[in-house]
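Take a look at the letters that make up each chain.
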Amino acid sequence: MSDAILALDNVSKTFGRGDNPVYAARSVSFGLHAGRTLALVGESGSGKTTAARLIMREYTPDEGQLLFRGTPLGKANAKALKAYRASVQMVFQDPFAALNPTHTIRYHLERPLRLHQPKLNAKERTAAIEELLTRVKLDPALLMPKYPHELSGGQRQRISIARALAVNPQVIVADEPTSMLDVSVRLGILNLLNDMKAQLGLALLYITHDIATARYVAEDIMVMYAGQIVEWGNTESVLTNPQHPYTRLLLSAVPDPDRRFSDTRFSEELNRIEIIRRQSALPQPETREVAKNHFIRPMPE
Amino acid sequence: MTDPVLSIRNLNIDYIGAEKDFHAVKDVSFDIAPGEFFGLAGESGCGKSTIAFAVSRLHRPPALIRKGSQILVGGRDVLALDDNELRSFRWREVAMVFQSAMNSLNPVLTIETQFYDVLRAHSRISRAEARTRAAELLKLVDISPDRLSSYPHQCSGGMRPRIVIAICLALNPKLLIMDEPTTALDVVVQREILQRIDVLRKELGFSVLFITHDLGLMVQVSDRIGIMLEGELVEVNDAQTIYRTPQHAYTKRLWASMPKLHGEQIREGAQS
Ligand SMILES: Nc1ncnc2c1ncn2[C@@H]1O[C@H](COP(=O)(O)OP(=O)(O)OP(=O)(O)O)[C@@H](O)[C@H]1O
Ligand SMILES: Nc1ncnc2c1ncn2[C@@H]1O[C@H](COP(=O)(O)OP(=O)(O)OP(=O)(O)O)[C@@H](O)[C@H]1O
Ligand SMILES: [Mg+2]
Ligand SMILES: [Mg+2]
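Protein chains in written order, with the numbering used here: chain S, 1 to 301; chain L, 302 to 573.
These are computed hints drawn from the structure, not numbers from a lab.
Mixed in with the good hints there might be a few duds.
[What the hints assert, rightly or not] Stretch-level coverage of chain S by chain L, calculated; a stretch enters the list once three of its residues show a Cβ under 8 angstroms from a Cβ in chain L:
{"#": "1", "segment": "177 to 184"}
{"#": "2", "segment": "197 to 207"}
{"#": "3", "segment": "235 to 249"}
{"#": "4", "segment": "253 to 263"}
Model, not experiment: these values are computed from the prediction.
Every residue gets a Cβ at the ideal spot worked out from N, C-alpha and C, and that includes glycine.
Sequences and hints are given; from them, build the entire structure.
Right, here's the structure in full:
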């Protein structure tokens, strides 16, 4: 799509060689739009983090390209690349590993501000830090002098988000930002991501294996298996009317308090796990629109 | 009513500290009936694993069980067992799958040897008999007997917890304790394993104490559920009742913070 801030265009990435290639991304295309969240869901090893790393330019695509505001990154000059790096920020799964234990919270937020807005004086910088902490709903006076180990998991994840926001990004890639947090804390972070999107017009890529949380934050969703996006589109449509056998398998296995284990109506796919996995791992080059803004790559017959 | 398999009364456990003791389990009481699937849920640090270790008598200092606490398994006083009795108690009465079951197999022994060690410690059994029994047990968890000669690292991440579970079932325990056995696994694999356990406990008649953070999964699979908060068991009821009509404010808050997969979405603004 043309109005995407950031887009992947037919990107492929393979690890390993010879007899044992791992297809971590296979002809992956999607766009991230201002004020919208796109969820990327799939099982472990399906290629979700690889997509994030391609966006963060930690991996280079074997094939295909990244587009920033319509311009291929391959053709960008140094200045444009620097702008790209500031515009695209990442929030990680483990909020503890992402923070430096020897530095205060103040330091963690001060650094990106110094780099991104060198013209601010000390007083203005402090004001900016206070604003960031308030934005992520933390008490600035209380938090600024603290060290990461003095914070709860939820507070640490809020600091990671504040740090990502410090450089005024346009895109945030959040890779399993809540999977290490307790349920009661999880929702606060999801609400925060929703607020950021609405208030700052950010484009969000939300990576998770927790499909219920994807439904909570994302307008659109992509289901990945073995490096391929097998089904994508409007979240409600994909989740209520899944068309690809793999999506159905995944959805029938997702923990759901409204469906008892003993109720077998929902587990047809669970009897065909091996077949579905094998078929879904094959290349599926075709695309079919199954409903308005809802697509699948049909399995080969 | 039949006698419970597990009966816990006024269980109090402290972690003894240099300066101050930490009261990790506070006056907890509950029962598990024969064949029952009992879920224990609550946030990180609320004391779930501490209870699991005490029930299997695997707790170690600094954990100290206070006087007046009672744990009965099949009517026997677990806290009064001597070393000899403890040997026959473990695996036969209670078997436990630990948090991080992925890593609880011995990396340098074949799967067959690990079965043999458990079987041999409790009954006179030949290597060949043990092999036959191990193959049967693996079949219970949908793993081919070919795997007996494999080492743990040659088995996939989804196979390993299933092997641990099969070893736990080797001596027909009355109670299987599973402490987050599947948290590191894919949902599809997790579903396969738990569905299997659900069928097996109905066939073989053992009870399950299932510990998890995943409230949705817990409601799906458990007969009854206990909710813990900071060392206290704040609510116990059958799964559907506790899900549809929670009584304790904390349980209500937990349900309210769980995004839904279908139907009306939970309301925003539950506190963080
Ligand atoms: N640098 C690398 N070298 C070799 N293989 C890699 C590398 N990075 C990823 N892979 C492989 O690519 C596949 C996709 O990995 P990726 O981390 O993207 O999965 P994921 O969907 O994020 O999984 P998870 O849910 O476990 O985080 C996996 O099989 C992984 O082992
Ligand atoms: N060896 C120990 N020494 C001191 N305190 C401990 C020890 N082990 C656990 N605790 C404390 O006891 C409390 C209960 O711990 P426990 O491991 O039972 O929690 P849990 O409910 O299993 O948590 P999780 O869901 O994270 O596994 C925690 O506050 C923990 O910090
Ligand atoms: Mg990942
Ligand atoms: Mg625990």
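Out of the numbered hints, which ones does the structure contradict? 2
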